[in-house]
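J.: Quick note, the sequences are listed as chains A and B, same order.
For the first sequence, position 142 matches number 362 in this note's numbering, and the numbering has no gaps at all.
For the second sequence, position 45 matches number 120 in this note's numbering, and the numbering has no gaps at all.
Please note: incorrect hints may appear among the correct ones.
[What the hints assert, rightly or not] As a list, the in silico SDA-like pairs of lysine to any residue whose alpha-carbon atoms are at most 20 Å apart:
1) A:Lys-232 / A:Glu-263
2) B:Lys-120 / B:Gly-108
3) B:Lys-128 / A:Cys-388
4) A:Lys-232 / B:Thr-140
5) B:Lys-85 / A:Asp-229
6) B:Lys-98 / A:Lys-236
7) B:Lys-128 / A:Val-402
8) A:Lys-226 / B:Lys-128
9) B:Lys-85 / A:Lys-307
10) B:Lys-85 / A:Phe-239
11) A:Lys-307 / A:Gly-260
12) A:Lys-226 / B:Glu-106
13) B:Lys-128 / A:Glu-263
14) A:Lys-232 / B:Lys-84
15) A:Lys-232 / B:Asp-82
16) B:Lys-84 / A:Ala-235
17) B:Lys-85 / A:Phe-225
18) A:Lys-233 / B:Thr-83
19) A:Lys-226 / B:Met-76
20) B:Lys-85 / A:Gly-260
21) B:Lys-85 / A:Cys-240
22) B:Lys-128 / A:Gln-443
23) A:Lys-233 / B:Met-76
24) A:Lys-236 / B:Met-76
25) B:Lys-128 / A:Val-224
26) A:Lys-226 / B:Thr-83
27) B:Lys-84 / A:Pro-228
28) B:Lys-103 / A:Val-224
Don't read these hints as lab results, they were simulated from the structure.
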Amino acid sequence: MQQVFKLPDCIKKDAKFTFCPGCDHGVALRLLGDAIDECGVREDTIAALCVGCSVFLYDFYDIDCLECPHGRATAEATGIKRARPDKFVFTYQGDGDFAAIGFAESIYTATRGEKVTSICINNTTYGMTGGQMGPTTLLGQVTTTTPFGRSAELNGYPMKIAEHIALCDGTAFSARVSLDSVANIIKAKQAIKKACEVQIKGLGFGFVEILSSCPTNWKMTPQEAHRHIREKMIPVFPLGVFKDVTKG
Amino acid sequence: MAYIVLDTKKCKSCYLCLDACPKGLIKKSSETGMTGNFVVEFDDKNGECLGCKCCALTCPDLAITEVYK
Numbered sequence: 221m222q223q224v225f226k227l228p229d230c231i232k233k234d235a236k237f238t239f240c241p242g243c244d245h246g247v248a249l250r251l252l253g254d255a256i257d258e259c260g261v262r263e264d265t266i267a268a269l270c271v272g273c274s275v276f277l278y279d280f281y282d283i284d285c286l287e288c289p290h291g292r293a294t295a296e297a298t299g300i301k302r303a304r305p306d307k308f309v310f311t312y313q314g315d316g317d318f319a320a321i322g323f324a325e326s327i328y329t330a331t332r333g334e335k336v337t338s339i340c341i342n343n344t345t346y347g348m349t350g351g352q353m354g355p356t357t358l359l360g361q362v363t364t365t366t367p368f369g370r371s372a373e374l375n376g377y378p379m380k381i382a383e384h385i386a387l388c389d390g391t392a393f394s395a396r397v398s399l400d401s402v403a404n405i406i407k408a409k410q411a412i413k414k415a416c417e418v419q420i421k422g423l424g425f426g427f428v429e430i431l432s433s434c435p436t437n438w439k440m441t442p443q444e445a446h447r448h449i450r451e452k453m454i455p456v457f458p459l460g461v462f463k464d465v466t467k468g
Numbered sequence: 076m077a078y079i080v081l082d083t084k085k086c087k088s089c090y091l092c093l094d095a096c097p098k099g100l101i102k103k104s105s106e107t108g109m110t111g112n113f114v115v116e117f118d119d120k121n122g123e124c125l126g127c128k129c130c131a132l133t134c135p136d137l138a139i140t141e142v143y144k
C-alpha cells in the first residue's frame, strides 16, 4: 500500500478553509502548496497578498506573508525580492486586484522582468465585496453593478490578462489554466510549478491566470459554476501557455 | 485495495467529489456537517476504489486528506 496523495506540507495541518462551499480558491491554494513543496523552497518563501478572498492564504499557509494595500502586491513583491534575492517571492491575487486596481503595478512588474511569481484567480467578479463587475466580467454577465448584464458599449470588454502579461519582454512564463475538471486541475498544477521554477532559475516574471468559480456570487451550485466555466468562460478566455522562455 | 481518508469535519457539502469519482463510490451520508447539509461518505464495500485521486484533486476544502493505492 502506497500513499499516492497527501496534503501539501506548507498548508497548516489544522487548516480549515473559510471559503464558500465549492469555491475553487481551495484547489488553487492546494496546487500552489504542492508546487512550493516540490520546488523545496518552503523555508525561503515570502508571500505578498492582496485584498479580496485570496488574502486568506495567510490563515492557512505555514510561511511568511505580507499583506499589501489593494492591488500593490506585485510592487511589494518587487521590493522584497530586490532586498532579499535569495528568497522565493510570490503574489496570490484576484482578477480585480491584479488587473484593475493594481494593473499598473502588475504590468510594470512583468515589463521590468522582476523575478517573482504571480498567481491570479479569475472568477470574473469581485467576490469578497459581494459580486461587483470586475475587469474580466463577461459580456452579458449580471453583477450587482451591471444589473442588466455587462454591455460592451457602456462597460467595455473583458480583459485577457495572461495575453497582456505574455506581451511583456520581462515575462518568462505566462499561462491560463482552469479548475473546472480533474484534467484541467492537473494541467494547472504543471503551469503553477513552471511559474515557480522560472523564478528560481532567475529567468524572469512567472504568471498563471486561473479560471475559477464563484458559486455564491454567480448564484449557481458548484456543479453549475464549473459548467459555466466550461461553456461561457473558456471560449472567451482560451486556455494555454502564451509565453515560455524555456522552450526556444 | 485502494482507499481514501475522508475528514468530514472539513466537508462543506459542495458534492463536487460525487461527480469526480469514476466509480461513484462517494455518496451523500445522513450526517450533517458545518454548513448544515449532508456531508459525503466513502462507500466501497466491494473494493472498487482505483486510487485515481480524482476526488482528492477536486475537493476544494482539503476534506480528502490522503489516498492510498
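J.: The structure should be examined with respect to each hint, and the outcome stated for every one.
T.: Hints versus structure:
1. About 14 Å separates the Cα atoms of A:Lys-232 and A:Glu-263, which keeps this hinted pair within 20 Å; it holds.
2. Note on B:Lys-120 and B:Gly-108: the hinted pairing is violated, with a Cα-Cα distance of about 23 Å set against a maximum of 20 Å.
3. Of the supplied pair hints, the one linking B:Lys-128 and A:Cys-388 is violated, its CA atoms being roughly 37 Å apart against a limit of 20 Å.
4. Simply put, A:Lys-232 and B:Thr-140 have alpha-carbon atoms about 12 Å apart, close enough for the 20 Å limit, and the pair holds.
5. The suggested pairing of B:Lys-85 with A:Asp-229 holds, with an alpha-carbon distance near 18 Å, which does not exceed 20 Å.
6. Restraint check for B:Lys-98 and A:Lys-236: not satisfied, since their Cα atoms lie roughly 28 Å apart, outside the 20 Å limit.
7. Distance hint between B:Lys-128 and A:Val-402 is fulfilled; the C-alpha atoms sit about 9 Å from each other, no more than 20 Å.
8. About 10 Å separates the Cα atoms of A:Lys-226 and B:Lys-128, which keeps this hinted pair within 20 Å; it holds.
9. Using a Cα cut-off of 20 Å, the hinted pair B:Lys-85 and A:Lys-307 is violated, with the two alpha carbons roughly 32 Å apart.
10. For the hint pairing B:Lys-85 with A:Phe-239, the CA-to-CA distance comes to about 11 Å; that is within 20 Å, so the pair holds.
11. For the given pair, A:Lys-307 sits about 12 Å from A:Gly-260 by alpha-carbon distance, which is consistent with the 20 Å threshold.
12. With a CA separation close to 25 Å, the supplied pair A:Lys-226 and B:Glu-106 exceeds the 20 Å bound.
13. Distance restraint check for B:Lys-128 and A:Glu-263: the Cα-Cα separation of roughly 28 Å exceeds the 20 Å cut-off, and the hinted pair is therefore not satisfied.
14. This hinted pair checks out: A:Lys-232 and B:Lys-84 have alpha carbons roughly 16 Å apart, not beyond 20 Å.
15. Restraint check: the Cα-Cα separation between A:Lys-232 and B:Asp-82 comes to about 15 Å, which is no more than 20 Å; the hinted pair holds.
16. Taking the CA atoms of B:Lys-84 and A:Ala-235, the gap is near 11 Å; set against the 20 Å cutoff, the hint holds.
17. Distance restraint check for B:Lys-85 and A:Phe-225: the Cα-Cα separation of roughly 17 Å lies within the 20 Å cut-off, and the hinted pair is therefore satisfied.
18. Proposed proximity of A:Lys-233 and B:Thr-83 is supported: the alpha carbons are some 15 Å apart, at most 20 Å.
19. Among the hinted pairs, A:Lys-226 with B:Met-76 is consistent with the structure: their alpha-carbon atoms are about 18 Å apart, no more than 20 Å.
20. A C-alpha spacing of about 27 Å is found between B:Lys-85 and A:Gly-260, which places the hinted pair above 20 Å, so the restraint is violated.
21. Distance hint between B:Lys-85 and A:Cys-240 is fulfilled; the C-alpha atoms sit about 12 Å from each other, no more than 20 Å.
22. Pair hint B:Lys-128 plus A:Gln-443 holds up; C-alpha atoms about 19 Å apart against a cutoff of 20 Å.
23. Taking the CA atoms of A:Lys-233 and B:Met-76, the gap is near 26 Å; set against the 20 Å cutoff, the hint is violated.
24. At most 20 Å may separate the alpha-carbon atoms for a hinted pair to count; A:Lys-236 and B:Met-76 exceed this at roughly 29 Å.
25. Note on B:Lys-128 and A:Val-224: the hinted pairing holds, with a Cα-Cα distance of about 8 Å set against a maximum of 20 Å.
26. A threshold of 20 Å between alpha carbons decides the hint, and for A:Lys-226 with B:Thr-83 the separation of about 16 Å falls inside it, so the pair holds.
27. With a CA separation close to 19 Å, the supplied pair B:Lys-84 and A:Pro-228 stays within the 20 Å bound.
28. Simply put, B:Lys-103 and A:Val-224 have alpha-carbon atoms about 24 Å apart, too far for the 20 Å limit, and the pair is violated.
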